[in-house]
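Just so you know, the sequences run in chain order A and B. Under the numbering used here, the residues of the first sequence are numbered 1 to 440, in order. Under the numbering used here, the residues of the second sequence are numbered 1001 to 1440, in order.
Quick caveat, the hints were computed from the structure, so don't treat them as lab data. None of these values were measured; they are calculated from a predicted model. Everything hinted at is true.
Below, in silico cross-link-like pairs of lysine to any residue (SDA-like), each with a Cα-Cα straight-line distance of 25 Å or less:
#	chain 1	residue 1	chain 2	residue 2
1	B	K1335	A	L90
2	B	K1335	A	A224
3	B	K1335	A	D436
4	A	K335	B	Q1227
5	B	K1335	A	F288
6	B	K1335	A	E98
7	A	K335	B	E1088
8	A	K335	B	L1090
9	B	K1173	B	Q1138
10	B	K1335	A	A223
11	A	K335	B	D1436
12	A	K335	B	W1095
13	B	K1335	A	A91
2 protein chains.
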Amino acid sequence: MHAADCIVIPRWLIPVEPAGQVLEEHAVVVRNGRIVALAPVAEAVGSFAAETVIERPNHVLIPGLINAHTHAAMTLFRGLADDLPLHEWLAEHIWPAEARWVDSDFVRDGTDLAVLEMIRSGTTCFNDMYYCPDTVAQVAAERSVRACVGMIVIEMETVWAKDIEQYLSRGIKVHDQYREHPLISTAFAPHSTYAVGDETMQRIRTLADQLEVPIHTHLHETAAEVQQSVEQFGQRPIERLATMGVLSPQLIAVHMTQLNREEIVLLAEHGVSVVHCPESNMKLGSGFCPVAELLAAGVNVALGTDGAGSNNDLDMLGEMRYAALLAKGVAGDPKVVTAADALAMATINGARALGLDESIGSLVVGKWADMVCLDLAAPATQPVHHALSQVVYSASREQVSDVWVAGQSLLRDDESSAQDEADVFERAAAWQARLDGRNE
Amino acid sequence: MHAADCIVIPRWLIPVEPAGQVLEEHAVVVRNGRIVALAPVAEAVGSFAAETVIERPNHVLIPGLINAHTHAAMTLFRGLADDLPLHEWLAEHIWPAEARWVDSDFVRDGTDLAVLEMIRSGTTCFNDMYYCPDTVAQVAAERSVRACVGMIVIEMETVWAKDIEQYLSRGIKVHDQYREHPLISTAFAPHSTYAVGDETMQRIRTLADQLEVPIHTHLHETAAEVQQSVEQFGQRPIERLATMGVLSPQLIAVHMTQLNREEIVLLAEHGVSVVHCPESNMKLGSGFCPVAELLAAGVNVALGTDGAGSNNDLDMLGEMRYAALLAKGVAGDPKVVTAADALAMATINGARALGLDESIGSLVVGKWADMVCLDLAAPATQPVHHALSQVVYSASREQVSDVWVAGQSLLRDDESSAQDEADVFERAAAWQARLDGRNE
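Using the sequences and the accompanying hints, generate a full structural model.
And the structure:
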């Protein structure tokens, strides 16, 4: 008998690799935070002596979801300004509110709320872009959730830095501080090609090569962005990045609603990862990312919620479903982006975008045990003809019963976290009162 | 002091009429199933002596949601065949499964599951189209939920009727049986212009006029449907119905993804109600209903989930959000279909389509107390800058805490319905085993 920390026995098990597989009567064995076996129940129980055996007889076990693009602290802006176009939303509402209110306390309280929301909805890893990434990293580490923290760069003075030198030096300091941390990684996060100049972008490219980290940026989010670039630089943003040599497997290009055929080929050739944010793109009327075409061309497409200011939640189960349904609608073809494709986008493809696919993104022996259990014994997910279909097309975030990151339990079906929740909500309500000018 | 049965005191109250209004510190007073007052809390409590006072301090109260198009019993086909186009899905999977399995037991068990799912997710009224409408009516009446039951007509022998005479006579028998029932109404439900011939459609028009009931039909769901009609009859389906005099405020036209400008004007002129089913249309790749244009033209647009076979749930909160986001995406304009518009589509517009807007669809004195409470004290709906935004853009079905139909409590925050649920799930699982050829 081998020693193990934990054996989880769900009714259904979806490892994501191989794609589309749904196992029954299988268990996952965890030791020292990693998956050491994935085997038929009798074999797992017969070969491993575990401290804990967790039976989940109505549940499906999947890899932890990876939110490949968010601005976590913006939960505090949730619902502040809806039904507006991107530029007006940013320039007239979000940027003024950020200038007035955002500091490290805001980022701490907003990220705390976001992390609570993400864990409860089955997200075990998030790729963040926001001010005060030191605080984001601290909250994620404290809450034991996995995060890729953005070394944000923008050609504008903010609470985080007064100029490019400071953005870079403070970002790299965060990188150095968490270099050996098992849960925290970093990426350069130049906001966009319209908010970061060529010189800065080239410095970031060089630094990203040296530090071996991804570059995470908004790209081709709206037609106006592309048009403006053509007018100002004579090039579409992707062309600008290609000229600067930024197109590579390190690039995480977010949104990408405006793409021609040549650009799709270019992305595939350079191994660029695209992060699709369907709810945000729809809500802001930004356009539709051609997901089916990107996947057919071999581009790695991950999924992100964007910030709660424009989504308005951080629910990756919902985002998967939007991704599958919207792709079918846009392509006029219900066969594209199947349930299995959508789940892969929300797990292994996200891991690949972050350069973490050797260690997370699927339930495979040797990877970290980042895992999520969903209880399908709810009216909207009965009966269960196909467990994978239920996860993508019917399940809701409240059906997430258990969450583990590197084998550590962050949510357990039978335990309450009401007290912790109350504190987070109280701080969020205090910010709401301040932002809305009420004294509560 | 006036007598009352119940006073509900939520933190926020959204009556839907007037549009967009969010009240705080207001209460709803109910007597004999109807709303008798909607007033500031002090006034309500000071004027009415109620048997029950229900305080919901973190909650928003809205009118019960109206699912304006579903096939309730198809919950038993949930997830049976995904990622397929409409015709293949129907012809190769659903119709054969229906021919083999559907009988009144199937309809009872499937509708029972559907009603459980709908009540839990805040739907208080559904407009159904399926075989054995007598059973659908019986289940709805037993469960005390409001339903408009479809007197289905299709030119094909099924378990429900062998020919048109029998479809009509059996349907009218259901109509007569429930004529005086406070919760059950009926509509003729000819499946579509491709499954019901001209002669039958004209008889239905005459009968609908005599019985003063709506005509509920699938219309312009796909480009192929329209194309086939042009080839076979030399007219688009809407033209055929116009020729037959079927376009009127009694017509409930479902899907409508293929519409030209003249048709939109025609619908507005004749007061036809459109039921938009965004999730189903996307999932089947059927096309996009031009909701923003329809609303701008003054057409009444309601919302439906369609059946769980193609959605895959009956969650009207989710459907509202898809409706708002998809309309913005399709129009390329985030200002269209605001949160308030989406909530109106899911409530008062649905009531108008069913001819029930004098009695349900908004929280107005004199109407039935069909009401739903949502608990916003959850991570994804904090903080609350705007309660209406939270309902449409962030809340999930599990946040529905209380449901009333005609003042009767069908779901209560503090009461469990686990036992009832177990029985419904057991029957669903038995059908699943039969359909999938397993002996469980």
